[in-house]
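J.: Below, each chain spelled out in residue letters.
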Amino acid sequence: MSAEVKENQAAQSGTERRLNMIEAINDALDIMLERDPDVIVMGEDVGYFGGVFRCTAGLQKKHGKTRVFDTPISECGIIGVAVGMGAYGLRPVPEIQFADYIYPGLDQLISEAARLRYRSATEYIAPMTVRSPFGGGIFGGQTHSQSPEAIFTHVSGLKTVIPSTPYDAKGLLISCIEDNDPVIFFEPKRIYNGPFSGYYDKPAEPWKRHPQSVVPEGYYKIPLGKARTVTEGDAMTVLTYGTMVHVVESVCREKGVEAEILDLRTLVPIDIEAIEASVERTGKCLIVHEATRTSGFGAELSALVTERCFYHLEAPVERVTGFDTPYPHSLEWAYFPGPVRIGEAIDKLLKD
Amino acid sequence: MADRPDADREAGANKPTLRLHVPEPKFRPGDTVDFSHIQVSEPGAQPRPDEACDARETAPLCHDLIRVLGDDNHAHGPWDPKLDPDTLRTMLGHFALVRAFDERMFRGQRQGKTSFYMKCTGEEATSVAAAMALASDDMVFPSYRQQGVLIVRGYDLVEMINQIYSNKGDKLKGRQLPIMYSSREHSFFSISGNLATQTPQAVGWAMASAMKGDSRIAATWVGEGSTAEGDFHSACTFATVYNAPVILNVINNQWAISSFSGFAGAERTTFAARALGYGLAGLRVDGNDALAVYASQRWAANRARANAGPTLIEYFTYRAEGHSTSDDPTGYRSAQEREEWPLGDPVMRLKNHLIALGEWDEERQEAMDREAAERVKAATKEAEKNGVLGHGMHQPFRTMFEDVFEELPWHLKEQAEQATRERLIKFHGGRPQ
Ligand SMILES: Cc1ncc(C[n+]2csc(CCOP(=O)(O)OP(=O)(O)O)c2C)c(N)n1
Ligand SMILES: [Mg+2]
Numbered sequence: 001m002s003a004e005v006k007e008n009q010a011a012q013s014g015t016e017r018r019l020n021m022i023e024a025i026n027d028a029l030d031i032m033l034e035r036d037p038d039v040i041v042m043g044e045d046v047g048y049f050g051g052v053f054r055c056t057a058g059l060q061k062k063h064g065k066t067r068v069f070d071t072p073i074s075e076c077g078i079i080g081v082a083v084g085m086g087a088y089g090l091r092p093v094p095e096i097q098f099a100d101y102i103y104p105g106l107d108q109l110i111s112e113a114a115r116l117r118y119r120s121a122t123e124y125i126a127p128m129t130v131r132s133p134f135g136g137g138i139f140g141g142q143t144h145s146q147s148p149e150a151i152f153t154h155v156s157g158l159k160t161v162i163p164s165t166p167y168d169a170k171g172l173l174i175s176c177i178e179d180n181d182p183v184i185f186f187e188p189k190r191i192y193n194g195p196f197s198g199y200y201d202k203p204a205e206p207w208k209r210h211p212q213s214v215v216p217e218g219y220y221k222i223p224l225g226k227a228r229t230v231t232e233g234d235a236m237t238v239l240t241y242g243t244m245v246h247v248v249e250s251v252c253r254e255k256g257v258e259a260e261i262l263d264l265r266t267l268v269p270i271d272i273e274a275i276e277a278s279v280e281r282t283g284k285c286l287i288v289h290e291a292t293r294t295s296g297f298g299a300e301l302s303a304l305v306t307e308r309c310f311y312h313l314e315a316p317v318e319r320v321t322g323f324d325t326p327y328p329h330s331l332e333w334a335y336f337p338g339p340v341r342i343g344e345a346i347d348k349l350l351k352d
Numbered sequence: 001m002a003d004r005p006d007a008d009r010e011a012g013a014n015k016p017t018l019r020l021h022v023p024e025p026k027f028r029p030g031d032t033v034d035f036s037h038i039q040v041s042e043p044g045a046q047p048r049p050d051e052a053c054d055a056r057e058t059a060p061l062c063h064d065l066i067r068v069l070g071d072d073n074h075a076h077g078p079w080d081p082k083l084d085p086d087t088l089r090t091m092l093g094h095f096a097l098v099r100a101f102d103e104r105m106f107r108g109q110r111q112g113k114t115s116f117y118m119k120c121t122g123e124e125a126t127s128v129a130a131a132m133a134l135a136s137d138d139m140v141f142p143s144y145r146q147q148g149v150l151i152v153r154g155y156d157l158v159e160m161i162n163q164i165y166s167n168k169g170d171k172l173k174g175r176q177l178p179i180m181y182s183s184r185e186h187s188f189f190s191i192s193g194n195l196a197t198q199t200p201q202a203v204g205w206a207m208a209s210a211m212k213g214d215s216r217i218a219a220t221w222v223g224e225g226s227t228a229e230g231d232f233h234s235a236c237t238f239a240t241v242y243n244a245p246v247i248l249n250v251i252n253n254q255w256a257i258s259s260f261s262g263f264a265g266a267e268r269t270t271f272a273a274r275a276l277g278y279g280l281a282g283l284r285v286d287g288n289d290a291l292a293v294y295a296s297q298r299w300a301a302n303r304a305r306a307n308a309g310p311t312l313i314e315y316f317t318y319r320a321e322g323h324s325t326s327d328d329p330t331g332y333r334s335a336q337e338r339e340e341w342p343l344g345d346p347v348m349r350l351k352n353h354l355i356a357l358g359e360w361d362e363e364r365q366e367a368m369d370r371e372a373a374e375r376v377k378a379a380t381k382e383a384e385k386n387g388v389l390g391h392g393m394h395q396p397f398r399t400m401f402e403d404v405f406e407e408l409p410w411h412l413k414e415q416a417e418q419a420t421r422e423r424l425i426k427f428h429g430g431r432p433q
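For the record, the sequence lines run as chains A and B. At position 180 of the first sequence the residue is numbered 180 (full-length UniProt numbering), and the sequence of numbers has no breaks. At position 37 of the second sequence the residue is numbered 37 (full-length UniProt numbering), and the sequence of numbers has no breaks.
Just chain A, same shape as in the assembly:
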């Protein structure tokens, strides 16, 4: 039985269970700790306290201190020991408290974890899932807001996964943990507690009214490398992920634009088939991400679309992104690629 079918059944039978993204992630970790004795969860404040965003709440109590534990404040150490644990045969799921703090761990991640399989010709692998909240929108200033995904997509040997709903977060995280390659799992912290329309001055929405907050109990997987069609439409294809999925959806709804929105979910390996099929049909492509523009993942997407769908394109590919500045504190909402920036790009594409 596919997960989608199960989800529908659950919804119909009235036994549906609605979770926010934090609870869905917690559920995935709980299930994997239960199913696989080689899974361990560690990171700064993740043990007794359950994480500064509560994603690991209750897991230490349930699974024990040697499976779910706090670590020293050393991102280099956290990822380095995860490589060693992976070499032994465990499946570590380290948390980096904020994506902005992953940089001290980059050597271990980029030079070691990502290349271990290759350099040892499969003698050793580093099957780890590095979870980390990323993205802005919480007045976190420049060190609690960044979206550094493109640094990781540029590394051969790393997979990069970004969920945008509770349902996906759980299914994708389970796939990541079972994957034998190192994966970066970025959690869009702005939408931990509810989807986001892009209007920071409107009341926050809880997840419980969103269809994708129905999260079935138990084990299910969403395959890596597969995009999700958020809305179908002919006006244009929108390639996006994370928080921006919801912002784009609300802007399109508001403008009455029937766009085909693809939530990429996995950036590496990318679902090229879904992208090609959609762009070839719509002839227009908008790319939206919150990260800075220059050498952002949008540049890769734009190149792919141009290389592979050029003769189907009716207009140049458009990119909407964050600005090429550090994330400012007080001008957070001037920085954020919100409805105005997205709206302008949509208008431009429609005119062409």
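Please note that a few of the clues may not be correct.
As the list claims (entries may be wrong) - Derived pair list, reagent style DSSO-like, types lysine-lysine, alpha-carbon separation capped at 27 Å: (1) A:Lys202 x B:Lys173; (2) B:Lys426 x A:Lys348; (3) B:Lys426 x A:Lys351; (4) A:Lys351 x B:Lys413; (5) B:Lys173 x A:Lys348; (6) A:Lys65 x B:Lys15; (7) B:Lys426 x A:Lys202; (8) A:Lys62 x A:Lys202; (9) A:Lys62 x B:Lys26; (10) A:Lys255 x B:Lys82.
Simulated from the structure, these hints should not be mistaken for laboratory data.
Chain A is already provided as a structure; the job is to place chain B with the ligands on it using the hints.
T.: Frame of chain A, contents of chain B with the ligands only:
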């Protein structure tokens, strides 16, 4: 998957089973707190080696606890800095101001005037007394809990609050998270959110000062939890290799958000003892004893000034409040810890010392506290004229693009124009700036 190749299994049959140790703090919420395991050494009993001594001579002091103020509220022993009553009253005044400031800013955050705040309650001596022991132009590389240094150096309260509110008076242009100050005028380095990065930077500044034959030294502060970062270990190595004129202050306030000091290695050794492996001089000091803090910082400063070497100082103290406004410590530690803390409160201890000297009384203390609260209140009112966070966007949008580089490249010019256009659309008719 996690199993050994079969060949090994045989060989390992008689070897003992290994077990993973995961540190656990002594007390959790609801527990009765008994701190009798904490060694509280006799005030005045610790020797004070020559400031230019061989770093190895400080070994015993890395496991002891340098203390000056006794239960009798008098100063004892060779570490007594013998400060005159006026200096002590000045110190007490700084304490009062820091505490009043923390109180008000914390409340301001709760009232929605800003996004974030961090108090230093219980640890005031580790920045106030230390800063007083340095020269005012010694370069300071702080973490986020050294507001006391700025207060000692006379930084304008209104400027501090402007920064906290990210308002139009904020000279950091609303870019930084509240409390991430910077004041070159006060030889106070720009604070980073990324832990421990300041420690090798302090060493580098000190190396530069030595290269240029300058007379200024550098001092840095880092939390005990953050000493786990590689940056700190690089700092120690470079400091010792180049004999840099630098002081590495480790503020051991027992907690790093919800993680007790055991997760930074405190179950096995002291933070001061780290010095020994690197060849640095090391001191372990009662961080709630303002006189011991002053004396130890002065010892290390004199040592650095004399080209006699860098020092690592562990200030043993207690984070009396939550980590920040985003934290609720009742979820992970016993509320009794604060009451039971065996080294007391730094402000009370200094006050009682002055009273014991016959140089102070409760009435004057109350007046001092009242005056500090009034000063902070007035500064807050003044700063609020420049706005508070959330009441509109106080900076012109183009400022977002300035200072990324020295000069604005074409792509940032384009993006600045985009931002300005968006402002017009968002705030109908709003004046583009
Ligand atoms: C590189 C990095 N990793 C993690 C964090 C998140 N973080 C902020 S403060 C903190 C605890 C620091 O504790 P400690 O060093 O003891 O300083 P204290 O807060 O007690 O003053 C953590 C984990 C960070 N800011 N930077
Ligand atoms: Mg600490």
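J.: Look at each hint and say if it fits the structure.
T.: Hints versus structure:
no.	hint	result
1	A:Lys202 x B:Lys173	holds, 26 Å
2	B:Lys426 x A:Lys348	holds, 18 Å
3	B:Lys426 x A:Lys351	holds, 22 Å
4	A:Lys351 x B:Lys413	holds, 25 Å
5	B:Lys173 x A:Lys348	violated, 33 Å
6	A:Lys65 x B:Lys15	holds, 24 Å
7	B:Lys426 x A:Lys202	holds, 14 Å
8	A:Lys62 x A:Lys202	violated, 38 Å
9	A:Lys62 x B:Lys26	holds, 20 Å
10	A:Lys255 x B:Lys82	violated, 74 Å
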